[in-house]
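Per my numbering, the very first residue in the sequence shown carries number 245; after that it's consecutive.
By construction, these hints were calculated from the structure, which means they are not laboratory data.
Cβ coordinates follow ideal geometry from the N, Cα and C atoms, glycine included.
Each hint should be verified, as a subset may be incorrect.
What the hints assert, rightly or not - Computed list of lysine-lysine pairs in DSSO-like fashion (alpha-carbon distance at most 27 Å, straight line):
| id | residue 1 | residue 2 |
| --- | --- | --- |
| 1 | K810 | K823 |
| 2 | K805 | K727 |
| 3 | K828 | K504 |
| 4 | K823 | K805 |
| 5 | K738 | K665 |
Said to hold, decoys possible - Across the chosen pairs, the derived CB separations fall in these ranges:
| id | residue 1 | residue 2 | range |
| --- | --- | --- | --- |
| 6 | P627 | I573 | 19 to 25 Å |
| 7 | I860 | I432 | 51 to 57 Å |
| 8 | P723 | L632 | 24 to 30 Å |
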Amino acid sequence: MVTLNILYVVASLLIFASIMTSTLSARLGVPLLLFFLGVGMLAGEEGILGIEFAEYNLANFIGQAALACILLDGGLRTSMRSFRVGLKPAVTLASLGVLVTVLVAGIFTTWLLDVDWRLGVLMAAIVGSTDAAAVFSLLRNGGVKLNDRVQATLEIESGANDPLAILLVTVMITLNLDPTSQGIGDIIFMLISQIGIGLVLGLLSGWALSKMLPKVYLADGMYAILILSAGLIVFGITNLLGGSGFLAVYLAGVVIGNTKVRATEHVLRVMDSFAWLSQAVLFVVLGLLVQPSGILEVIHYSLLIFIFLLFVARPIAVFSSLLPFRFGIREIGFISWVGLRGAVPITLAIIPVTMAVPGADLAFNITFGMVILSLLVQGATIPLMSRLFRVWVPTNNEPKAEHEIWVADQANITLYEFEVKQGAFAIGRHPQSISSKFDTQALSLFALVRHNKLVNVNEDTILKMGDVVWYAMRGDDAPSIAKIFNNSATQYQKNSEFYGDWLLSPHARIADLPFYNLAARSLATNASSRLPKPVASALDIFTVPPQVGVMTGIDEDLVNKLTEAKNQTVEEFMMQYFKTEPVKGDEVYLNETWSLIVRDVDGRGRLRGVGLKNKIKKEV
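Go ahead and model the full structure; you've got the sequences and the hints to work with.
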């Protein structure tokens with residue numbers, strides 16, 4: 245009994261310590277997951293507590309269960325819009341990208357370590373896929389908002405590339421133990437089984453659960469437990485049938501998460517706790533499992549393979565996979581950089597150890613070292629690299645928070661939270677009359693909080709800096725309302741720096757644009773020739789119409805390009821440059837100076853706002 249209580253205390257203390265130390269994550273710029281891993285290593289056999297833990301089978305069991313929970317939570321938070329903009333490139337990355345990575349990295353690893361090619365390719369297969377736990381955690385808590393296509397591609401890739409990675413690891417383990425046991429037909433059949441069974445069971449189980457949930461009446465906190473237990477059932481059954489349990493549980497989460505019913509009102513909050521607990525337990529256990537001395541002995545190999553993956557193998561794989569989808573070079577660069585390795589490679593590295601594959605200990609230690617390097621280098625630099633590669637988008641037109649309240653099984657009200665920033669337009673105005681554009685029916689005041697206390701609103705109440713206001717309103721109005729509560733000067737500066745100073749209507753013809761007329765005028769040799777007359781009614785296309793004096797960077801090629809497309813709308817002109825559905829921040833280059841940038845997209849993928857940007861305007 246004493247031993248059992250000590251076990252309770254030690255296990256809980258490790259989780260408690262890892263969570264408390266994680267508060268330093270934001271200050272130090274170190275990924276949260278690394279703190280969990282560090283606590284486990286410090287408590288391990290060569291650490292402070294000296295806990296001897298060499299249960300690889302138990303660690304594998306915990307790892308797979310935790311990853312299933314993390315993938316389920318990730319699926320619940322993946323919108324169908326993410327699938328529309330990122331499914332095709334993500335699937336290509338999860339298939340062709342993994343194969344290319346494993347092939348290129350396998351050749352390098354075999355040469356570097358001077359080992360049999362089967363062991364070299366096995367090690368490459370272990371680290372060939374990105375990690376869902378690391379990707380979901382670091383992208384969603386990285387402090388930046390990425391453009392939707394990049395974020396969706398990375399998240400879907402991390403959830404979908406596990407089947408192929410597991411297949412390759414399984415095949416290479418078999419080839420290492422018995423080189424004559426696997427034929428090409430067996431490998432293809434295994435791949436089809438993994439993906440096919442996982443796909444079918446994931447979608448079917450997700451659909452069945454989404455239909456069942458509205459008919460089941462439970463305590464609020466029980467719905468998440470029900471979904472988690474059902475997800476683990478789907479995971480186990482799919483694995484038993486020879487499919488990919490990871491793919492199945494992720495797809496089940498996607499289907500459930502995109503079915504809005506009352507039963508799922510509290511699910512995301514509870515599942516978020518489950519996912520964080522899974523990550524903490526998983527990385528602490530993996531930290532306990534490893535011996536730091538073993539990592540240090542091969543850290544130079546880990547470093548060299550990591551550098552090769554980061555700067556050679558991953559970029560080759562990403563470029564070859566995304567080239568058909570017309571991804572920009574900056575997007576390709578960022579996706580190449582964020583090939584995060586985490587718990588999945590370590591979990592896969594455990595399997596050869598449990599099966600006594602020759603060289604498995606070497607592979608495990610090298611893999612562990614690479615994961616630490618990946619979390620340190622790639623994970624800590626996500627905000628920096630997102631700005632360097634310009635794949636971030638401004639976040640100043642979004643509510644601070646939102647919360648759904650279900651009033652019936654099929655009816656809900658969405659509450660949006662806004663904070664009054666310094667210099668905001670809302671300061672000095674009544675919370676129910678912040679703008680003449682919104683009436684009381686479209687914008688219903690729910691609560692006003694000042695100095696952490698609820699304020700009774702009367703006809704004399706005015707908004708002050710720091711106030712927090714909750715409204716019940718339509719979601720389409722939320723970005724417009726957010727602009728009223730943010731610092732208007734700061735907001736304009738951020739938007740103009742990113743999108744440009746001028747706003748175009750996507751439905752306007754190129755020939756009707758003041759920009760087209762003024763551009764042509766800037767090239768004209770005399771005022772009466774070569775000049776289409778400006779359309780006066782088109783001046784409202786711009787928030788601030790440009791003046792002739794600021795039309796810098798105009799050349800004949802630009803005018804000719806616009807002239808050829810003068811009968812097209814702005815949207816038609818831009819859409820011919822997009823291979824996939826457009827997202828905020830997508831850019832169409834007119835020339836080295838001028839470009840068109842997508843400012844907003846509706847739910848069907850149609851443009852709602854376009855920015856016209858002069859890259860050297862500030863220099864003039």
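Outcome of the hint check:
1. K810 / K823: Holds - the C-alpha atoms of K823 and K810 are around 22 Å apart, at most 27 Å.
2. K805 / K727: Violated. K805 to K727 sits at ~35 Å, over the 27 Å cutoff.
3. K828 / K504: holds (25 Å)
4. K823 / K805: Roughly 20 Å separates the two Cα atoms, so the pair holds.
5. K738 / K665: Status holds; Cα separation ~15 Å.
6. P627 / I573: 19 to 25 Å: Between P627 and I573, where Cβ atoms are some 20 Å apart, the hint holds.
7. I860 / I432: 51 to 57 Å: holds (54 Å)
8. P723 / L632: 24 to 30 Å: Given a distance of about 26 Å, which is inside 24 to 30 Å, the answer is holds.
Violation of the numbered hints given earlier is confined to hint 2; every other hint is satisfied by the structure.
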